Amino acid sequence: MENNHHPKEKIYVAIGTDLSEGFATLKWTLKRWASASVKIVILYADNTISKEYVYTPIGKIPASSVREEKLKVLDKSEEAKTDKILSKLVAFCGKVKAEGLRIGRYEDSNHKVILRLITILHITKLVIAFSFLRPPSWKWRNAANASFSLYHEKPDFCELFVIYEGKLVFLREGNNEALLIEDDQGMTVSKLTERPSFRGWIVGKLFPENAREKNPCESASPAISTAASLDQWEKHSEELDKYFNELSSTSTANEGEIEAANDTMIRSQSELKMAEKMGAEERLDVLKMRIRDTKEKIQMNREEVKANIKRYAKATWAIGLCTSRVNELEAQTHEETSKRMELQKDLDRTKEELSEIHIEVEEKRSKLDSILQLQRELSNKLQLSNSAKTRVESQLEKAVRERSEMVQEIEELRRQRDVYQRRIEFCREKDAIGMAKKLSSSSSSSSSNGLGFDYSREFSAAEIRAATDDFAQRLRFKSGGDWTNVYKGRISKTTVAIKLFESVDDDFCQEAFLEKVRLMGSIRHPHVLSMMGFCTELKCIVFEYMHNGCLRDSLFSRQRTTSKGTNRGLKWHDRVRIAAEVCTALSFLHKATPAPFTHGNLNPSRILLDKNKVAKLYGFQSYENATIMSDVRAFGTLILQLLTGRNWAEIGEDAILMMDSSTLSENLDKKGGQWPLDVAVELAGIARCCLSSSDEIEHSEVSSRSVMRWVNKVRKKADDLRADGESLVEEGETNIEEEHNVPSVFFCPIYQVSSSISSFEYVLVQ
Numbered sequence: 001m002e003n004n005h006h007p008k009e010k011i012y013v014a015i016g017t018d019l020s021e022g023f024a025t026l027k028w029t030l031k032r033w034a035s036a037s038v039k040i041v042i043l044y045a046d047n048t049i050s051k052e053y054v055y056t057p058i059g060k061i062p063a064s065s066v067r068e069e070k071l072k073v074l075d076k077s078e079e080a081k082t083d084k085i086l087s088k089l090v091a092f093c094g095k096v097k098a099e100g101l102r103i104g105r106y107e108d109s110n111h112k113v114i115l116r117l118i119t120i121l122h123i124t125k126l127v128i129a130f131s132f133l134r135p136p137s138w139k140w141r142n143a144a145n146a147s148f149s150l151y152h153e154k155p156d157f158c159e160l161f162v163i164y165e166g167k168l169v170f171l172r173e174g175n176n177e178a179l180l181i182e183d184d185q186g187m188t189v190s191k192l193t194e195r196p197s198f199r200g201w202i203v204g205k206l207f208p209e210n211a212r213e214k215n216p217c218e219s220a221s222p223a224i225s226t227a228a229s230l231d232q233w234e235k236h237s238e239e240l241d242k243y244f245n246e247l248s249s250t251s252t253a254n255e256g257e258i259e260a261a262n263d264t265m266i267r268s269q270s271e272l273k274m275a276e277k278m279g280a281e282e283r284l285d286v287l288k289m290r291i292r293d294t295k296e297k298i299q300m301n302r303e304e305v306k307a308n309i310k311r312y313a314k315a316t317w318a319i320g321l322c323t324s325r326v327n328e329l330e331a332q333t334h335e336e337t338s339k340r341m342e343l344q345k346d347l348d349r350t351k352e353e354l355s356e357i358h359i360e361v362e363e364k365r366s367k368l369d370s371i372l373q374l375q376r377e378l379s380n381k382l383q384l385s386n387s388a389k390t391r392v393e394s395q396l397e398k399a400v401r402e403r404s405e406m407v408q409e410i411e412e413l414r415r416q417r418d419v420y421q422r423r424i425e426f427c428r429e430k431d432a433i434g435m436a437k438k439l440s441s442s443s444s445s446s447s448s449n450g451l452g453f454d455y456s457r458e459f460s461a462a463e464i465r466a467a468t469d470d471f472a473q474r475l476r477f478k479s480g481g482d483w484t485n486v487y488k489g490r491i492s493k494t495t496v497a498i499k500l501f502e503s504v505d506d507d508f509c510q511e512a513f514l515e516k517v518r519l520m521g522s523i524r525h526p527h528v529l530s531m532m533g534f535c536t537e538l539k540c541i542v543f544e545y546m547h548n549g550c551l552r553d554s555l556f557s558r559q560r561t562t563s564k565g566t567n568r569g570l571k572w573h574d575r576v577r578i579a580a581e582v583c584t585a586l587s588f589l590h591k592a593t594p595a596p597f598t599h600g601n602l603n604p605s606r607i608l609l610d611k612n613k614v615a616k617l618y619g620f621q622s623y624e625n626a627t628i629m630s631d632v633r634a635f636g637t638l639i640l641q642l643l644t645g646r647n648w649a650e651i652g653e654d655a656i657l658m659m660d661s662s663t664l665s666e667n668l669d670k671k672g673g674q675w676p677l678d679v680a681v682e683l684a685g686i687a688r689c690c691l692s693s694s695d696e697i698e699h700s701e702v703s704s705r706s707v708m709r710w711v712n713k714v715r716k717k718a719d720d721l722r723a724d725g726e727s728l729v730e731e732g733e734t735n736i737e738e739e740h741n742v743p744s745v746f747f748c749p750i751y752q753v754s755s756s757i758s759s760f761e762y763v764l765v766q
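At position 597 of the sequence shown the residue is numbered 597 (full-length UniProt numbering), and the sequence of numbers has no breaks.
Only pairs whose alpha carbons sit at most 25 Å apart, straight line, appear in this in silico DSS-like list of lysine-lysine: (1) K27 x K167; (2) K125 x K97; (3) K716 x K671; (4) K39 x K95; (5) K39 x K84; (6) K95 x K31; (7) K717 x K671; (8) K351 x K364; (9) K97 x K167; (10) K72 x K339; (11) K295 x K306; (12) K88 x K31; (13) K27 x K81; (14) K95 x K167; (15) K97 x K31; (16) K310 x K295; (17) K70 x K351; (18) K339 x K351; (19) K10 x K97; (20) K670 x K398.
Calculated from the structure, these hints are not laboratory results.
Nothing here was measured: the structure is a model prediction, and the numbers come from that model.
The whole structure should be built from the sequences, with the hints applied where relevant.
This is the structure in structure tokens:
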């Protein structure tokens, strides 16, 4: 019993338009594999003409000359005919499982199409009808060549069977361009030669569709009259063929009779010449012979007349049949012409509608272009967001990996913080007692200088010269122009900065110098550079020394290390803290009484950093030359410089656009480390708010006090992120970080600065 789990073997049968041979080929296939369980796949070539031509009731015409709607109708008609033929072929297989595949129009020859199908379908057994390789327009010799080409070019896995008139044949070339068909014993079954057929010629001329549909059981044409005419031609096709052969043989016989008559006439003339020389008896015999020949000719002429009458009747019958067919074709042509005129009218109306649709399409296309432009812009923004998201995710993964290592360090730092806090409390009490004693002694001495304030000490010229080694050039580290110089010095083991004023006009300089001393002495704030003293004799002011220089060098200088090798780069949390400290100092100046005090020249070069990178302002201008809003705008510029690390002389539209939330992550200064995006966005918002302020809205919500509250809120968020371990501490950093619970400006000088810093810092803190 057959195993049902194995698929049935497929036998492919290629059939052309000659259905009689197709049925014979199927019959041979069913008989050949009657004992095996197989599946028949019928490959039917329904049309053998090029795609550039179509069949119509008036014959084969170019497809370009037929309307598209008519082409669709013709294609549907052809498909219906093909489906009906395939169903009959499948039904012919009976109980054997079969299916049909239609091979449509193609440009290549049939055998090339079959070669491609063998490769695509992996055909192992192919039974092909000889007529499949010989379309009606081909010669027998071309079909034979196609058979040989198919046999030589087919793959080795394909077994080929060629069937002609229901018999398996073996092809070989014979003499005189004949194709010999042999059986399996090598015996010649038949010999195919090219022979013209009157029936094929006349039917092919008058009925092209009949030339490719010879099966009497095929579906008829949709027109009833055309179907009846086709049936009539099918019935009389053999008679027409015989009639054509008779005409050919009759013409040959007539030629022979003419030659015989000519010979008889020549012979009669020669006999007459000979009879003149004969006797009476001989002449009588000749006359009798001639009478007998004449009677035979008369009888032959009578028979020929009868035959001519029959031929005339048959010719009349054939002419009448052809005339009726011609009339039918003319009627169909007239009908097609009227239909074409109607279709032309429909085409004109369709063209008008098409023009209207084209205008509408152009309008919608313009709208679509604008939408596509918007889509491209949104796609670019989405791509930027995705890239930013990818970078943030990678940074987050790195932070998560290192967080476990940082937890232990954070715990250790918290333990040290508790120890330092206890030390701070102890040092505060101790230094408070000593500072009180110093203030009491300094207040008595300063009251004698006649300046009217108690915040600075007046040094003698000898003390200043001793501190600067008599103004040695090696200690001069800045020149402020023709009338100011800054020297580094040491007073009472404390490093200080001494600013020396020099001018020709002594009276004016003395008055200006005392005014500057009064101004600097009246400002006491943790984030404003402290004046430690002055000398009226040498016209110099003593300031506390700032070890890390100005903010401009830390932000914009390429050399980020000091002479001792310590890192001077500012991380993002240091920049947030510096912004908060500068804002606190500005708010303090703007709240001064009886009149607000402005800085007037706020920029990174006017902000100094001490050992712990605590920011302090200096370099004030007269408040008559500046406004509070100018300080606020300058503070907005400072925030942008802290975020991007760029030194802008003026803030333009490009800088404002860089602060947009969608592009901010790409413009942040990479030297500041991994910025928390929410902190950077809030700082950028503060900068935009400050830069949008103007002098006409002095009393608006954009004030230094409101900005300070906003900045302190951002600073608190940054401190919380650092306390929770969300940011990384740079390796090798030796500076002591500020504690998030206690502001750095309130740290004990012993903890925050070197022991050599002046005790004036503690006074400012208190």
